[in-house]
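Asks: Sequences and hints are given; from them, build the entire structure.
There are 6 protein chains.
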Amino acid sequence: MLTDATREKLKHVSTATLATALFKRGLRRQYLQDVHPLRFKGDNMVGPAYTLRYMPAREDLNPISVFQDRAHPQRKAVEECPPGAVMVIDSRRDARAASAGSILVTRLMVRGCAGIVTDGGFRDSPEIADLALPSYHHRPSAPTNLTIHQAIDINVPIGCGDAPVFPGDIVVGDGEGVIVIPAHLADEIADEATEMTAFEDFVTEKVREGRSILGLYPPTDEQSKIDFADWRARTGR
Amino acid sequence: MLTDATREKLKHVSTATLATALFKRGLRRQYLQDVHPLRFKGDNMVGPAYTLRYMPAREDLNPISVFQDRAHPQRKAVEECPPGAVMVIDSRRDARAASAGSILVTRLMVRGCAGIVTDGGFRDSPEIADLALPSYHHRPSAPTNLTIHQAIDINVPIGCGDAPVFPGDIVVGDGEGVIVIPAHLADEIADEATEMTAFEDFVTEKVREGRSILGLYPPTDEQSKIDFADWRARTGR
Amino acid sequence: MLTDATREKLKHVSTATLATALFKRGLRRQYLQDVHPLRFKGDNMVGPAYTLRYMPAREDLNPISVFQDRAHPQRKAVEECPPGAVMVIDSRRDARAASAGSILVTRLMVRGCAGIVTDGGFRDSPEIADLALPSYHHRPSAPTNLTIHQAIDINVPIGCGDAPVFPGDIVVGDGEGVIVIPAHLADEIADEATEMTAFEDFVTEKVREGRSILGLYPPTDEQSKIDFADWRARTGR
Amino acid sequence: MLTDATREKLKHVSTATLATALFKRGLRRQYLQDVHPLRFKGDNMVGPAYTLRYMPAREDLNPISVFQDRAHPQRKAVEECPPGAVMVIDSRRDARAASAGSILVTRLMVRGCAGIVTDGGFRDSPEIADLALPSYHHRPSAPTNLTIHQAIDINVPIGCGDAPVFPGDIVVGDGEGVIVIPAHLADEIADEATEMTAFEDFVTEKVREGRSILGLYPPTDEQSKIDFADWRARTGR
Amino acid sequence: MLTDATREKLKHVSTATLATALFKRGLRRQYLQDVHPLRFKGDNMVGPAYTLRYMPAREDLNPISVFQDRAHPQRKAVEECPPGAVMVIDSRRDARAASAGSILVTRLMVRGCAGIVTDGGFRDSPEIADLALPSYHHRPSAPTNLTIHQAIDINVPIGCGDAPVFPGDIVVGDGEGVIVIPAHLADEIADEATEMTAFEDFVTEKVREGRSILGLYPPTDEQSKIDFADWRARTGR
Amino acid sequence: MLTDATREKLKHVSTATLATALFKRGLRRQYLQDVHPLRFKGDNMVGPAYTLRYMPAREDLNPISVFQDRAHPQRKAVEECPPGAVMVIDSRRDARAASAGSILVTRLMVRGCAGIVTDGGFRDSPEIADLALPSYHHRPSAPTNLTIHQAIDINVPIGCGDAPVFPGDIVVGDGEGVIVIPAHLADEIADEATEMTAFEDFVTEKVREGRSILGLYPPTDEQSKIDFADWRARTGR
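Residue numbers (the working numbering), protein chains in the order written: chain E, 485 to 721; chain F, 485 to 721; chain D, 485 to 721; chain U, 485 to 721; chain C, 485 to 721; chain L, 485 to 721.
Worth double-checking, as some hints may not be accurate.
Pairwise CB distance ranges, derived in the manner of DEER restraints [unchecked claim]: (1) C:H556 - F:D544: 31 to 37 Å; (2) C:E693 - D:H556: 46 to 52 Å; (3) C:I710 - D:P567: 56 to 62 Å; (4) D:A667 - L:D527: 46 to 52 Å; (5) C:H556 - F:R718: 52 to 58 Å; (6) D:P567 - E:D714: 27 to 33 Å; (7) D:D527 - F:M485: 46 to 52 Å; (8) D:G526 - F:G596: 27 to 33 Å; (9) L:A489 - E:E679: 46 to 52 Å; (10) C:I710 - L:E564: 22 to 28 Å; (11) D:A717 - F:G596: 29 to 35 Å; (12) F:P567 - D:E672: 38 to 44 Å; (13) C:I710 - D:D675: 31 to 37 Å.
If you're looking for bench data, these hints aren't it; they were derived computationally from the structure. Where is the CB? At the ideal position from N, CA and C, for every residue including glycine.
Replies: Right, here's the structure in full:
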């Protein structure tokens, strides 16, 4: 369960900081490789993962008429992805055809979903970039998904960008990319990353003022710890 | 022959819509893979393909002095590419050296060509991005083309971005990428894509208003068809 | 030694022009492949290379605590890279984890360094893109460098983006990418590129006016040489 | 259902001939890309697919102790793959760690399975190559599968070597590689490939005797058809 | 023109030695990358290049029936490749479908051609490996060439394995791979490589006897030159 | 220090078993990716690493004449690599030119070295495959190393096949590939792997006799442990 408090905290930390917090726990592969924001609008994407798995398309099973089936997994997923959730698509890192297009992504947005991520590509990418919904992919790709992808499973564990994604894991996207936090760690990672962010903001301020990183980052000098305590007191963080 | 009517229609449809129209005819590889606009300026690139084929450069045949030959295929192509045509370069998907630079691209622009595409990279890419001429490549690449490419053939069938390109095929580029329409299909594809675009615009409007995609996209509900007819009547499309 | 005069000249020529000047001397691999500016701000990056070599990280040698060591090569390098120099990192073209983050890059900026380059990726890339310091990488990458990289050597000859980089080589970055000039050639390359740039500017002007590139670029027509001489006289270049 | 008759026919045709028979039906992606026999022993592998899906391993879920769980999908699959079936593993084309090792493959062999295929790699590959069981992979890979793979699903539709594989599809391997025949087509494809093989054997004999391929392959000359009829009568095929 | 004397010499030198002789002349890209012998039988492949160019297949132009056309470039090439020549196919380094199969390769063999090379893959590769004709490819590939390739040009300059190949260039294959010698250099390269081979054989003998490579390879010690002269006198080479 | 006892033990365990022993200690990247034996002759390669680092070649620094310098790092390394050691070359996973050829490898063999490994390719690979010295590379590559590599450092920490290699680490190669054991762990890993190998041999015997892997591998059934104890007593292992 993603609490409002944790969601709020995760809105204000970076994927880089989260990656370090996960690294400290031995989790080194939670960042999605080669997945980029279509256009970052300043607010982090945060939500539990709702997954969609694609397999290679067999031509006879994937004529354009398959979408007339209301139970087609891609269409079903778009209607059932819970509000607040992030749809994460396993496209086998293959962007030669689209994972989805602007109409489906618009529907997700209208339905109140928190974002959409694929390790393939989106079509209508300029329109998707304009939407308020956060979206992440590898690169634009105009061909319909049927060209090489067949949607086969909803809400099963998948890989995306070489990272493991389990339904319900907490997905966070910023201007850099996307990271996946195992569900049971979300609260503690959010707390730790918030603390780390305060410290990093303090360090950045000091570095801008001309201080060396030695003894400051990490704060191996006692004075650095004292200064940080002062800074927190002063800034209220 | 690209008629003015077809050119005009193709100005107002997306490569994604065109890809679907081609997919319905069994053509799945007409979209150029890994080829991106240098900077999209809002108007589609449309024109018949005029092709240039590169082979790997042999060092002794490619000193800088080759450009003193007025018959050098790259320079010849730049002077002979017809106004209204799109120059498409087969760079064997290799962007380690440039396919062309800003001076040649400027010349194409001044001569009234419709655009330039390579599956390699351009040099002087910031300057080319500033030009009015639509341009598409894989990534910026400063080294002169002689470093790894030798221009060898003009206006022969080529591959570009893993797509087949025959001279005279109709090339369309938008903010997403580039697609190639076999010449004999251009008129019917332009018509069909125009119809599809009207429907997609209608669907997008309905989805934004909150309607589900089920029964609407595709319009398996009778009501969707009625609503679309109304919309067309109302909007004049 | 990078003289002020040469630095100034290199501020006003492009990596494409430099690549051609190096090509004429048989140097075909000085451009860094797949390395892009985070955000180009209009001024070329110019400075001698100060290098940092990464090797694959062995997990037991790379816990987060290594940064408590003031002699850690990455941190040492950030404090010792000379003002005016460009830090060039050999990340083995592997961007699965970061080469550095915004705090270290800020420190380099405050210390007066001229720029930072990696053939991997930076974390905190949106923040780094905002800094005044020129920065170049392959793609954003949030994971801490310890995830796959171990900093092992400072200021040794390295590869970066498949180009050879010796400490002291002159590194130039523009809106396109980064090129490395062997130290002993810097002055003559800067001179030659400045001359070439004047000629290219002249040619661009003529092409914009409608002149053919044949006989003009290169200037095999005698008239082209005369016109260029006139242009130089007129423009004072 | 794979009948004995069809199994027998598929024992004596090549993946190349099968690929052509599938191509004629519009199926172009049934051959597994980059998957090779460890050591072909002269008999085709034939059997229905029993699939195993791997996802990227999350470190905390994949300590060495997971194999103590008798329900671990990899171990369960090895005990439950039906005799006569071919185990096909979706390793996401990632051979950086093993898909399985010699003990599990030996168990499959003893249990009467027909073969094992992965688009990753096997460990203990020299021992596996020595086994009577046909085996196919991309390349040898010593690290335990836990290093990067987590077995997650048994007998679901998967991708393998970029080909779609549904449980029950008929998998055929020869000295060249592996191809997948959709279950409902197995009988007719086996028949057609058997006919094609007879013709190809005839053609090969004629070509060896010095005949041109023109008019013979395909048999556009009437005489070629007559000669083939004679050959069939004479050879009893 | 490939003389008998040069052909004979090239039968007895390695692609490695030839690569060095070409390197000395500034030719660094004549070795075909990622192209391997199907099964080397001890005799070098030597012959002038007869080229075949493939482009990406457009589905509507490549039904199985195209081979009924006697003028189909692939079939035509197989019947017209001159005896003694090596057929070199530009498959754009794409082995997802075959470049040719055993029947065509058998026909080339029977017609007296010297070998066949592709930077893609062959189908029926076990049968081709058994033929007396030398053959080189990237990897086995069962799908018919129509799946992704369309034969489009005969005997034009091409790229193969990233090397430039002009019709008539001399192609040499050994147990390692394939190299291309520009036609006008064939005689002198054959002579030089023959001399180099004698010296390398001498050096190998000395190294096996325990001598250091320093001063011997290259022969910077005067004694090495004397010993080599003795060795030549003694061995008659 | 590699003791005789440890060397002997490592002669009789597989890289797969060693990978698992290292995995248990959190070391997941010690296996060299994409590195294969030229021809395995039945005996493991075992020895401490002696490293050689290559950087991208700058053309002016790498004419053929560089080998006249006795201090050239490649030649020096071949004369100084200690008997019993394994030369490991960091070729940046680039096999477009050779890492070394048969003469140098023969010299290493004669000098009593234990083997040679590169993550690039060897030239004269058929001759090297015939030598008694164990050798491992990615693929054959005829061009001289000067074409793209410059030997720059001897016995520094390197990457090879994406694995970290420190001078003195223990390198083991078998019929599958190569793995690197951190020096300080060599004795305990050799002991543990020897124990594991005994158990795996026992398991293999039981599986061949028809026993299920469940409860046996790992031995979660008490009976499995008893049977193994009996087997050890009986076989003296």
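Asks: Now tell me if each hint is right for this structure.
Replies: Outcome of the hint check:
1. C:H556 - F:D544: 31 to 37 Å: holds (35 Å)
2. C:E693 - D:H556: 46 to 52 Å: holds (49 Å)
3. C:I710 - D:P567: 56 to 62 Å: Holds, at about 58 Å.
4. D:A667 - L:D527: 46 to 52 Å: holds (48 Å)
5. C:H556 - F:R718: 52 to 58 Å: 54 Å Cβ-Cβ, so the 52 to 58 Å window holds.
6. D:P567 - E:D714: 27 to 33 Å: Given a distance of about 30 Å, which is inside 27 to 33 Å, the answer is holds.
7. D:D527 - F:M485: 46 to 52 Å: For M485 of chain F against D527 of chain D, whose Cβ atoms are near 49 Å apart, the range 46 to 52 Å holds.
8. D:G526 - F:G596: 27 to 33 Å: holds (31 Å)
9. L:A489 - E:E679: 46 to 52 Å: holds (50 Å)
10. C:I710 - L:E564: 22 to 28 Å: Between I710 of chain C and E564 of chain L, where Cβ atoms are some 27 Å apart, the hint holds.
11. D:A717 - F:G596: 29 to 35 Å: The hinted range 29 to 35 Å holds for A717 of chain D and G596 of chain F, with Cβ atoms some 32 Å apart.
12. F:P567 - D:E672: 38 to 44 Å: holds (42 Å)
13. C:I710 - D:D675: 31 to 37 Å: Between I710 of chain C and D675 of chain D, where Cβ atoms are some 49 Å apart, the hint is violated.
Of the numbered hints listed earlier, the single one contradicted by the structure is hint 13.
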